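In case you want the letters, here they are:
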Amino acid sequence: MPGKTFSMNQYSSIRKALSLLFLSLLMLGSAWAQNGTIRGKISNDDGQALEGVSINWGTAQDAKSSADGSFILELPAGNYTLTASHSGYKSSSITVQLAAGETKSVNINLMPQADVIDDVVIVGYGRQSRRNVVGSISSVSGRELTEAPAPSFEAALQGKAAGVQVTVGSGMAGSASLIRIRGAASISAAGDPLYVIDGIPVTQDYFMNRANGSNWGGGFNNNPLASINPEDIENIEILKDAAATSIYGSRGANGVILITTKRARKQGLKFDFNTRWSVAMPTARPDMLSGPEWLQLYEEAWQNDGHVGKPDLSAVGLRLSWDQAQNINTDWIDQMIGVGFKQSYNFSTNYKKDHVAVKAILSYDDNGSYVIGNNYNRVSERVNVDWKPMKKMNVQLSHSLSQGTNTRVDAAWAGGLGSAMSTMLPIYPLEPLYDSASKSYITPVGLQTIRDLKNWRSIEVRTINNASLSYQINENLAVNASGSIDYMDYNEFLYEPAALIRYYNASYLQNGNAKWFPTWTLNKNYFATLQYDKNLGKGNSFGAMLGHEYQHSYSTSKYVENFDATGPIDQVVIPDSARLVFSRTPYEWAFLSYFGRLNYSYHNKLNFQVTARRDGSSRFGRNNRYGFFPAAAVGYILSEEDFIRNIKAIDFMKLRAGIGKSGNANFDNYARWGTITPSGNLQPYNGMPQMAPARLENPNLKWESTTNFDAGIETQLWKGRVSTELTYYNKNTTDVILQLSIPTSTGFGSFYDNVGAITNKGVEFSLKTVNIRSKNTQWTSNFNIARNYNEITSIGVYTEDAVSGGTNDTRVVVGQPVGTNFLVRFSHVDPQTGAPVYLDKDGNETYSWDPDNRVAVGNVLPKAFGSFNNVFNYKNFELSATVYFNIGGSIYESSVKRQLSLMTDWNMDRRVLDRWQQPGDNALYPKMTLNTFNHGSTTPWINTDLWLQDGSFARLRNLMFSYNMPKAWLTKTGFEAAKVTLVGINLLTWTQYTGLDPEIARDFENPTDRNMSGSITYLTPPQEKSISLALNLSF
Amino acid sequence: MNTKTFLWALSLSAVALSSCDKMIETPPPNEILIDDAVQNTDDLQMLLNSSYNELANTFGGFGQVLAELQSDNLTLPNNNDYREVFNHNVLFFNSTTGAFHSILYRTIFRANFVEKYLDRAADLTEADRTRIVGEVAFIRAYCHFWAVRMFAHPYGKTADNSHPGIAIANRVSTDPYPRSTVAEAYSAILADANTALTNLPSDNGYYADKQAAQALLAQVYFQMGEYSQAADMATQVINSGKYQLSDTVNLFNSKAESEYVFRIVSTGVNDNRSGAFNGNYAPGTPTCQMDLALYSNVKDANDKRCAMLVEANAGAANMFVKSSAFDAQFFDVPLLYLTQMHLIRAESLALSGGDLSVAIADANALISRAYTDPSGEFLAGSSSPSEVLSKVRSERRMELLFQGDRIHEVKRLGAVEGVNMFIRGHRWDCDGMILQFPIVERTSIFEINPTGGCK
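As they're listed, the protein sequences go chains A and B.
When you number the first sequence by our numbering, it's gap-free, plus one each residue, and the end is 1035.
When you number the second sequence by our numbering, it's gap-free, plus one each residue, and the end is 455.
So that you can see chain A by itself, here it is in the shape it has in the complex (with noise of 0.2 Å):
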């Protein structure tokens, strides 16, 4: 049953001529006296033909049509259920009842947007039929994608996919989203998934900025995948489990997300335009103290310490006097909080004649953020041509470049909103005191001022490129190759004009200071693979797939810096000479991989399936430098079984069950390398020349490896009404790669090596209901939920601060998740004192904060999530609702020990107030104090769960009403179709959380923060609400 099981191309059409002979021959043999012909004809609705649609009409039967639409059956008289099913269609079927001798004409109109059952899914290096696919994948189109507008594509997954954790980033313009595939799996290695488009992992290095020693982005990370068009995007499919992932080996194991860029599909020449335009606010305002209010609680602290008098304000290190910062109120708040305003453009062609198609997309995206000054802006153009040069052959060529200009502002720790919320006190003017005898200023520049003079704005160029070349040998057996290129041009500007450098040193001369930060990365791949596909008749066929891949990765960067300079270097003319050029180690890695697969289906019902690949990398240490990781699955599609097929309500029925192996190579590059730190780099000892061992070697450092087992049932109800999809994983990581801070009596402070476990098993749940289905009406409903459980169950002999989660407290304790908050723990203030009493390990009372006491208090990781999409159609009208939740999880207020407890040089949190004053007060927090002895401890800022809140929030994620302009309307205008839409996002937020945004997907500077305290907020800008207006044409 060619066509049935995958092909390796979407238009490869021999095999549907294929499938056809072989379908009339099949006829032929059968019941060639008594046959009947149907000749149809298979549309869109927009009345174009459709190539390549399933017709089936039983079992194991089924034909394409061809380039016009049609098809022709020859088929023994009886009365016949064609169903026709085509990827980004749903399935639309049509009873013909046939007599022999007869021709029947049929005409089958195919509505976009097919229901899961019927789709072709892209699996790894090939693509499947949904029905028959064992493993589990959840797809989301491009439509889903760009419905709403998001900082990045990747945030538009939230609730797309059941057990697909996506945390959007924060308000910053292009922000990246942390997005976590059935738990978290990883802990110093990378625990993102593998992004993979058109064929290519992509480079999608969430550190860039430190790779080539620039600090500065610190606050706000380059996002890779922001410069990637959604708009470009045909569909996405999340892969999920050992089944699919497999395939992916050494780079599967905390998932594959597959992203397809549209082709044409149209025939003849289309145009779509769309555009919108949005404007954009904070979810929370940051609610800071004004300067009357955090001068009382100064006096009063200072009165608590037991001082009188006047309060000397040099207590904190402020060089303004108390009667000066009498008469100065600023809100800072005010000075960064703006409106957004943002506006996209995407015009796209579509084109396809003979053997030639060509999609072309031209897209304009500027998106500006509400933190004043900040913005990114995309400019991209993608043209994806498919060409037939012979029968056999197929040629698919994708492009794409874009330019993604961040214009860059400080954020969260590095200054600007974050400094509002903390070092910038409300006593500071807007424009600095100057102190004429020190010749200084004795109060910081203004926010606004290093925002308005400081030009800085990272632009990365990124051009992604594949060419495929498939070609069909005969019957069987077909080959396709494929290179592709992503390259990386990255640079950082940062000038800061003399202006602003006067305000730290007064007496400086020079022009400006710029500096340029770039860094280049090309990272090239290819495979080829040979598929061959045999169908053995009555629903029985075979598939084989044999592969090589070969993927490096080459980054280079500098750093080149002028001291004087009158503008930023790449936009005023600095010669050579003038500029200080610092290289940077460059750095590279390769894999090397052969995998293969193996299908076969019995009677169509029973779905089996093997993988494996081969992985050698160049992260590998010497004594296991490849890795292998196989998989098995089976896939029982019950509703063929007469048992089920009997009851009417059910429609499509699958069980499925997979299990295999797959693997995290997401580290360190250079790891199990050891390394010699040489004479010329180190000052002699005793005059003599030294050298020293700088890394050792780690010969056994791999992959980490994680079997996962997955069953799940997918089932249709009535007629579609219903579908549900109900999943159990089991997910076992061992060798989790640990960034380890060994025991200093090793020698070594740092060493990654293979020394965790870590299991996640849950459950994933989705329902998707059609509630009303009329001719002007249509309700639908979408649901869906994951539960997952993590736990750390080994880290060998090492203990909880083996890796460290920073200053954010989260550390790894076995028996609890990655990313425990491991605090002690607070208890009350003492209503007679005001001081803080804390807990010791076994539960006592105590005045003294001692990191001994630290117990497992919360985690990072939500208990579930999950979305509540409904959407209604009225004649053209569409509204339509999704509210995301997050069920559990804690939230660590990491700034808060600053900005709710000692009083220091930091404006706090207007929750303060609810702070101890007097004898017998009970309040939430201690005493106002400028000494951190009082609070019981010898170091400031010490970390309790105090800080630390339920992070359970539900949000209505996007609220979306669209009208589609009657035919009637258009016929004149000469558009096809029309549409308007407002979009609301983030309006509404139900929590109890006291912080600004319960969603939080933290930049941090590292993988291990990364994953191990996503959530712990660090003066972290919130998310944006938005709302936007949008207009889509097609002609």
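Source of the hints: derived by calculation from the structure; they are not laboratory data.
Keep in mind that this is a model prediction, so the values were computed, not measured.
Think of the CB as a built atom: it goes at the ideal place given N, C-alpha and C, for glycine as much as any other residue.
One thing to keep in mind: the hints can contain errors.
Stated by the list, open to error - Anything over 12 Å on all C-beta distances counts as not near chain A; from chain B, calculated:
1. E184
2. L190
3. G225
4. S296
5. E311
6. A316
7. N318
8. T372
9. S382
Stated by the list, open to error - Ranges between beta-carbon positions, derived for each pair:
10. R424(B) with S583(A): 50 to 56 Å
11. D312(A) with G315(B): 25 to 31 Å
12. N80(B) with D312(A): 19 to 25 Å
Dock chain B against chain A, hints included.
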């Protein structure tokens, strides 16, 4: 199917990939691999020098100041990490004591590393091999001796010294070490020091030599209460004839070189290995100031060493006393030197019933240097052992003031001599009297010290 085509395609891809392992070998650019770097004796020598380099960074005052902070020689410092040490309640996040532990063991690791790669140098002579083996053992013994005294309770606290010791680092590996007992630690230290004694040459420039090993053994035995062996080792150093007592009371001074057995070398202001002494004691208002009660006790116009104690804000509430011994911008730091040997021998002989006349001579040699008019200070030839002990100990405190010796003396007296010693109300054996390990030391095979300080 077309089997031929299939096989053809398959073999083509096989050929294309047959020699591809190099495609996934991407060694770190701009870095030197260990395998390439260690080839000959010069390389070993450079590696060994890096161990000495860390030794210099550990004992250019860093370790000595921490030891001094635990003792009763200083006042409460204005530094949070130091305060925890001073208050005998070091938390496991204390980054200063953590850094001390780290650098101490890095020194040992680098010595072990040299040993591991000895066989890679084809040109290594037997003499060089012997010497290097001796130097490695010396460094290891010296550092472990410091580690066990700072992070574990003293030798003698339990009868069999089965109380928790330290990590005995004796291999090149990132695998954590178990925690030894104090007995095991001392036996490893003695074994290494004796290996050093056997293998080290009599002259090795500024690096460790035979006398350095003897001086170290003298200190170790002394700490263990093995006084006759301590006296014997000290005697061997004194009788080597290589050293003479200096005539200056400030031994942190090139004029005192004549008595240096083993030193940390500073070659100039840009290669200043004495910075931790200078930085903690020399500034106008230094972090490390002398305990005022001690000062008023020892203040003596006749004592030349008191001339190095400088009063500031005299008579005022904020009066403090600082040492001027470390004021030089850079200087060599003596770790093992002749004065120590005389002090050890004198006290050891008095304690072990040895030749008291030698003990008295040792003491009087130092007294003669220390006082403007020593006549009233000399020990009479007829002094009893207890009179000798008392005088030697008071001289010891002055001679070794601010060098990190006092705390070990207090603990030795407590643990070995059974004296009920207290520092700031804390008994010599209370929990907080030893430094806490950095938290990363805690593994399932290594229990760190109890938390909570001295109660």
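Status of the hints after comparison with the structure:
1. E184: Given a closest Cβ separation of 14 Å, the condition holds.
2. L190: holds, 20 Å
3. G225: Holds, because the least Cβ-Cβ distance between G225(B) and chain A comes to about 26 Å, which exceeds 12 Å.
4. S296: holds, 28 Å
5. E311: holds, 28 Å
6. A316: holds, 21 Å
7. N318: Correct as stated: the minimum Cβ-Cβ distance to chain A is 18 Å, above 12 Å.
8. T372: The claim holds: T372(B) sits with its nearest Cβ about 36 Å from chain A, beyond 12 Å.
9. S382: holds, 47 Å
10. R424(B) with S583(A): 50 to 56 Å: holds, 54 Å
11. D312(A) with G315(B): 25 to 31 Å: holds, 27 Å
12. N80(B) with D312(A): 19 to 25 Å: Taking Cβ atoms as reference, N80(B) and D312(A) lie about 21 Å apart, which means the hint holds.
Every hint, counting from the list given before, is met by this structure.
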